[in-house]
Amino acid sequence: MEDMGLIAIGAALAVGITALGTGYAQGRIGAAGAGTIAEKPELVGRIILLVAIPETMVILGFAVSAMIMLLLGG
Amino acid sequence: MQVHMTRVRIIGHKRDLDATLSVIQSLACVQLTEGARAHAGLRPYVLTDEQEEMETLSYLRARLDALLALLPPVPDAPPMHWTEQALGAELQADISRHAPDIEQLARQREALRNDAETLPRYAETLRKLVRLTPELTRLQGYATIALLVHRRYREAIDLLTQEVELLVGSEYELVYDQVDPDHIGAILVVPQRAEAQVQALLGEARVSQVRLPDSLQDVPFSEALVHIQRRLDAIPAETDQVEARLAELAAQCRVRWQGARQALLRRIEQLRARRQLGETDQTFALVGWVPQPEAAHIMQVLEDRLHRALVIQEMPPKAEEAAEAPVLLKNPSAVRPYEFFVRLLSLPEGGSLDPSALMALFMPLFFGLMLGDIGYGLVILLIAAFVFWRSEKGSGVRDVAFFLMMGAGWGIVWGIVFGEFFGSAGHMIGLQPIWKERSDPDALASLLLLAIAIGVVHVTLGLILGVWQAWRSRRRSELWERAGMLLGLCGLFLLVAVVAKQLPPGWATPAVVVVIVGLVLLIRGMGPLGALMAPVELLSGVGNILSYLRLAAIGLASVYLAMVGNELAGRVGVVWVGVIIAVLFHSLNIAMGAFSPSIHALRLHYVEFFSKFYEPGGSPFQPFGRMESDEGDHPAGLAVPEPELAPATPGSAPAV
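Just so you know, the protein sequences line up as chains A and B, in that order.
Under the numbering used here, think of the first position of the first sequence as 1, with each following residue one higher.
Under the numbering used here, think of the first position of the second sequence as 1001, with each following residue one higher.
Bound conformation, chain A alone:
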């Protein structure tokens, strides 16, 4: 029971911390992107691309979290 609690905390930290990192990165990129689009609306596609790139971090965090739950959670 205690082990399950720690496993759950570990899984939550895996996705939570990466989500924080992703959010921080996307916040910075999004703010700069908003300014860019205000001046050059034709760049909206590339800005979406740049904002979406850091999401790989949280996806990998989710993958680790899922692995923790699957492999350790039983």
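Hints should not be assumed to be uniformly reliable.
Only pairs whose alpha carbons sit at most 25 Å apart, straight line, appear in this in silico DMTMM-like list of lysine to aspartate or glutamate [to be verified]:
1. B:Lys1014 / B:Glu1034
2. B:Lys1014 / B:Glu1052
3. B:Lys1393 / A:Glu42
4. B:Lys1014 / B:Asp1281
5. A:Lys40 / B:Glu1314
6. A:Lys40 / B:Asp1399
7. B:Lys1128 / B:Asp1182
8. B:Lys1330 / B:Glu1320
9. B:Lys1014 / B:Glu1314
10. B:Lys1128 / B:Glu1117
11. A:Lys40 / B:Glu1324
12. B:Lys1014 / B:Asp1065
13. B:Lys1318 / B:Asp1049
14. B:Lys1330 / A:Glu39
15. B:Lys1014 / B:Asp1304
Worth flagging that the hints you see were computed from the coordinates, not collected in a lab.
Start from chain A and add chain B according to the hints.
Positioned in the frame of chain A, the structure of chain B alone reads:
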């Protein structure tokens, strides 16, 4: 799919230049490019007399734009045709005849609008003050000053009284009272000789004065309100008169001037186009890109229409020139909306692969997998269908609505596979999954494997396309790099299969060999830094595949949010409260379900898929003759219209 482009070269005598440009302009199928490169001995065309003509016509066009903006619209009528000769003195005379009246009426209309907006504010303030007006205001030789002071600064009135007494002694009258909850109104009457000093005093003390409009400066204060009311009553009738006169002028001039404006635009475009020509002392040379399927027809039309000694030849581009070609996309109606998403990033380079059809295949599939709910799919389908029906043809909104309709369709399909209807509410109607329920913890591993499998297929397809493109365009370094990545990933897949006991252990050695061969090809393609970067690049390919786990992650997030909504709604004792809670949660989930899977499906294409083969940087096909006024009918990048031409007479420009 990109329409193949070819070039057409036309060389002729300069006396035929106007007629040639007019015909090409009317066809609207030829994008001009640098004519000086058409032949040795040519130099870039230099505008001489044309420059002055262009400036004059541009000025006339600006005048017409300003005047047309002042005139009211008239019922649709075809614009009048203008000849080039009439665009000079005749048009200028026409404008000079009517412009002063139009501008005068426009100024009157603006003044009436200002008065209608500002006078009621004056009237409101004066109504508060007028009851304070002492008899002195009617006397000659006295000036009336109206003040509004905030109740916070009530003591300012006493201070003002003292200061005014110092200036004029007892020759003044000050009446004040509370006129509304926040303000004290005051009327100060002083001799006119002291008015300037009192105004200065008030200015130093920053006391707000109520100033009458300029038109009422000479009107006694006590009569100002009556004048304002009379003016307000007269404004509607005066406005109607002005509008009627403007409508008369619009009926006389608008149709004529709209025709003149179109003729000016065409002539200005013709003059600008000359900058792209090549010339010698007697001849001109013109080179233009045309859609290859139309090239023979266009050349035949030019020969038939011009009847002159022109040299018209096709100049197919060499392989290394293909990238310079403008891009014209032509796709079936089911694929055309996805051109919007391609353009959002960048048009493909000339001669390269148009990924619209691939997006049409995979984007709705990814969207549907992440959505994966019958109920959500139905709601999004209905809303998207409504937006599609109401939106303008060819608009971005319509394209996005089409994509959402297709995605919602796939969402319903995946919803049947997962057995989801507004999350877990499907159980209430006996819905069972065909495969697995996403909310079941035992299904997590299968879901992740499905997402990775889709990623493997998508990325591998991208690499195969990349190899094919590189081979076709003879770019060796890219060919080695993409082939190396493809082989390296295939080797890794084999290794994973061996580790997962899906293949016998004997496959391990060949798998390692394939990985090494892939790395060698990568190093070859990447140049000097390849030895360091190749393993990193291969790992980034693995990272690209893992990125497809978002297909599972976002779907699970949606499922669990729906479950929470259903659980909360079920636990509340009162039915109607439970319904409201469920509606709120599901509405939020549907809104996120429309937005988030779209962005992620787009991102997977832009980053993970396109990076394997897509060559951006193309410029859109912008034929000479397709002007700003036509943009709504013939958006760049769609099918080229069939030219409709009247027979020409020698020496004249054809009607446009």
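Outcome of the hint check:
With a C-alpha separation of about 17 Å, the suggested pairing of B:Lys1014 with B:Glu1034 holds against the 25 Å cut-off. With a C-alpha separation of about 19 Å, the suggested pairing of B:Lys1014 with B:Glu1052 holds against the 25 Å cut-off. Distance check on the hinted pair: B:Lys1393 and A:Glu42 sit about 21 Å apart at the alpha-carbon level, within 25 Å; holds. Restraint check for B:Lys1014 and B:Asp1281: satisfied, since their Cα atoms lie roughly 9 Å apart, inside the 25 Å limit.
For the given pair, A:Lys40 sits about 37 Å from B:Glu1314 by alpha-carbon distance, which is inconsistent with the 25 Å threshold. A distance of roughly 22 Å separates the Cα atoms of A:Lys40 and B:Asp1399; the hinted pair therefore holds under the 25 Å criterion. Distance check on the hinted pair: B:Lys1128 and B:Asp1182 sit about 12 Å apart at the alpha-carbon level, within 25 Å; holds. For the hint linking B:Lys1330 to B:Glu1320, the alpha-carbon distance of about 23 Å falls within 25 Å, and the restraint holds.
Of the supplied pair hints, the one linking B:Lys1014 and B:Glu1314 holds, its CA atoms being roughly 21 Å apart against a limit of 25 Å. Of the pairs offered as hints, the one joining B:Lys1128 and B:Glu1117 holds, with about 19 Å between alpha carbons and a cut-off of 25 Å not exceeded. As the CA atoms of A:Lys40 and B:Glu1324 are separated by approximately 24 Å, the hinted pair is consistent with the 25 Å bound. Proposed proximity of B:Lys1014 and B:Asp1065 is contradicted: the alpha carbons are some 33 Å apart, above 25 Å.
With a CA separation close to 37 Å, the supplied pair B:Lys1318 and B:Asp1049 exceeds the 25 Å bound. In summary, the hint linking B:Lys1330 to A:Glu39 is not supported, as the alpha carbons are separated by about 30 Å, beyond the 25 Å threshold. Straight-line distance between C-alpha atoms of B:Lys1014 and B:Asp1304 comes to about 19 Å, which keeps the hinted pair within the 25 Å bound.
Hint compliance for this structure: hints 5, 12, 13, 14 are not met, and every other hint is.
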